[in-house]
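Asks: When you get a sec, could you build the whole thing from the sequences and use the hints?
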Amino acid sequence: MPSLLRFLLALAFAALLSACGRAPPPAAPAAAPAATYAQTLASVQARLPAARYATNDFIPDAGTPPPAFDRRVRLRIGMPWLLNDEEAPWYIAQEKKFFAAAGLDVELLSGGPAHNYLAVLAGGGVEIGVINMTTQVTKFVASPTGADVVIVAVTLRRTPEAILAIDHDTPRDRRSTRVLRAADFAGKTIAVETTSQYVMESVLALNGQPPGEVKFLRVSTVDTLIMRRVDGMASWIVNQPRLLEDAGYLNWVAYPLAQHGWEGAADVSVVRRDFLRDQPDVVRRYLWALRQAVEFMLDEPVAAAEITSRYATGQPLTPAQVLRRFELQRDLVLGDGRAGLLRADPDAIDRTAAHMVRAGVIALPAAPR
Amino acid sequence: MKAPLPFLLVLLAVPAAWQLAIWCFEPKPAFLPPPAMVAGVLWTERSALLGHTLVTLGEAVLGYAIANVFALGCALFCFHVGGAERVLAPWLVALKNVPFPTVASILVVVMGDSLGPKLIVVVLVTFFPILANLNKGLKTADPVLIDRLRTLHATRWQIFRKAAWPAAIPFYLAAHEIAFTGSIIAAIVAEWLFAQRGLGFLIVQASTQFRTDRLFAVTLVASVVAMLVYGLVGLAERRVLRWQRA
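Line by line, the protein sequences are chains A and B.
Going by my numbering, the first sequence opens with residue 608, and the numbers climb by one from there.
Going by my numbering, the second sequence opens with residue 138, and the numbers climb by one from there.
Heads up, some of the hints might be wrong.
Using C-beta positions, here's what the derived DEER-type ranges look like [said to hold, decoys possible]: (1) B:M248 to A:R681: 43 to 53 Å; (2) A:A721 to B:C161: 21 to 31 Å; (3) A:D881 to B:K233: 44 to 54 Å.
Partial pick of chain A residues on the chain B-facing surface, computed with a CB cut under 10 Å [claimed, not checked]: (4) A729; (5) G730; (6) P751; (7) A793; (8) Q804; (9) L824; (10) R825; (11) D830; (12) T831.
It should be emphasised that the hints constitute simulated quantities derived from the structure, not laboratory data.
Just so you know, these numbers come straight off a predicted model, no measurement behind them.
We treat Cβ as the ideally placed atom computed from N, Cα and C, and that holds for glycine.
Replies: Encoded structure:
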């Protein structure tokens with residue numbers, strides 16, 4: 608008994624000791640460099656240029672006829688999330704037989720929280736991975752445990768990332784006309800995912816708001832916004848605003864990162880470099896089908912929404928909900944114009960990579976990669 | 138074989154098998170980084186790893202201490218109040234099996250970015266095995282001895298202290314083998330869900346940055362900590378139960 612008592616006392620002491628242990632600051636893999644932004648950007652362009660891992664050379668122009676092929680090819684495509692309306696172009700390409708016309712037998716593999724299609728792609732588990740953001744590809748390419756992959760297209764040419772808030776001065780049943788500024792977040796709490804905090808900090812800093820004056824809370828449901836537990840939340844402009852609208856809050860207001868100096872693209876089609884080298888025609892055929900689907904989505908949104916609502920088995924949605932997404936994402940898909948559909952901007956990827964280096968999120972390789 | 142030897146065997150065999158797998162299958166580092174690469178991370182990031190390990194250990198031990206207090210209290214209540222175990226059991230089983238991701242947001246909303254949500258996860262994971270073993274152990278007390286104590290007009294407390302508790306000690310210590318090591322995993326899971334610090338947070342960070350080498354380094358650290366905790370429990374068991382061996 609006394610021995611057990613001693614053991615329990617030791618346990619309590621150890622608890623106390625450990626709880627008092629020096630807590631490290633929120634981890635960053637490397638200290639922020641002392642270089643200026645321009646110097647960092649120059650380093651990125653020299654050692655990790657996006658031109659090395661992003662190409663637009665395989666995207667067909669508008670009106671290109673179906674590509675000729677001598678054999679059908681089976682393609683496994685890893686989707687960026689559960690099968691919802693984010694993947695609309697791929698459903699449309701299946702339903703309207705654009706993939707079939709390009710000689711592709713496509714299997715769409717659902718994504719989700721535990722799916723890392725960049726690693727699966729590197730290991731040969733899929734031929735094409737559709738990745739949420741270009742920043743993820745940059746991280747993967749920069750990582751010493753990454754692999755040699757190439758971005759061949761982006762579906763949302765501008766980032767859908769935004770800080771979402773509710774304008775409590777506007778009635779719930781009316782749309783807010785308020786324009787948010789970075790300074791509005793001073794002293795406020797923003798809900799973030801682990802992966803998005805550095806983005807929010809970088810954008811606020813870019814716009815003159817010291818991130819130290821903003822508190823971040825790791826939580827990801829819009830309920831926290833509704834309950835006023837947080838003042839803003841990191842979100843995708845095409846997703847969470849719809850959830851607020853469904854909950855009866857039309858008075859949401861957003862601070863779109865794309866309009867405040869953060870350049871990224873989303874729903875990024877990525878292939879292995881050896882696949883691109885060995886089967887460039889398959890990549891061209893895939894991109895032809897994808898382009899037809901994206902154009903259909905832009906031109907025939909009602910029919911596209913109906914198709915999408917049937918395919919979105921991971922998150923049941925009505926055609927009206929899908930249409931709302933199409934409305935919210937239209938400008939992001941178009942970017943600077945219809946001619947540039949699916950085209951990535953390697954310079955913009957470099958500029959964002961420089962911010963990532965300065966935030967300590969990636970480290971540049973010693974030698975050019 | 139002396140007690141630490143099997144652990145040393147693990148420490149030698151795992152890197153050997155790992156390196157062998159690298160030589161034989163040549164997997165991409167995105168899946169299985171070479172041991173030398175992971176060792177490099179362990180060395181260069183040792184300070185940060187130590188700091189985050191202390192945070193995890195603090196949460197695990199504190200949560201575990203709280204779980205022990207609750208489990209001991211519950212076991213005593215069940216021992217003294219007839220039928221209490223039958224009434225409590227469904228509640229405890231239901232509570233134990235709540236999937237954490239479903240309540241994660243609620244915990245953060247209610248308790249904020251504090252120690253609370255992490256401790257709750259650790260307590261929920263570790264409380265039940267301790268209680269179940271204690272209940273089982275208390276029931277194994279020799280009924281003849283208890284009857285004899287009653288005939289000697291022993292109080293409830295005396296019966297508990299002289300007959301029931303000594304019978305429960307081996308079960309209680311066995312619970313620590315499962316629950317104490319489980320508290321480390323529970324703390325990591327809690328950090329994975331909520332935290333900005335700790336080994337669980339490092340796992341999230343390493344995953345999102347595609348740093349498989351760091352992911353493996355954190356995994357190794359967590360395994361070593363769990364082995365040390367397991368060794369600590371074994372040491373306590375040998376000391377407390379030395380009368381049994383004799």
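Asks: None of the hints should be skipped; say for each whether it holds.
Replies: A quick look at each hint next to the structure:
1. B:M248 to A:R681: 43 to 53 Å: holds (50 Å)
2. A:A721 to B:C161: 21 to 31 Å: Roughly 27 Å apart at Cβ, these two residues keep to the hinted range, so it holds.
3. A:D881 to B:K233: 44 to 54 Å: Since A:D881 and B:K233 have Cβ atoms about 49 Å apart, the given range 44 to 54 Å holds.
4. A729: holds (5 Å)
5. G730: Cβ of A:G730 sits 6 Å from chain B, so the hint holds.
6. P751: holds (6 Å)
7. A793: Where the cut-off is 10 Å and the nearest Cβ of chain B is about 19 Å from A:A793, the hint is violated.
8. Q804: holds (8 Å)
9. L824: Check passed: Cβ of A:L824 comes within 5 Å of chain B, closer than 10 Å.
10. R825: Because about 6 Å separates A:R825 from the closest Cβ in chain B, which is inside the 10 Å limit, the hint holds.
11. D830: holds (7 Å)
12. T831: holds (5 Å)
Against the hints set out earlier in the document, a violation occurs for number 7 only.
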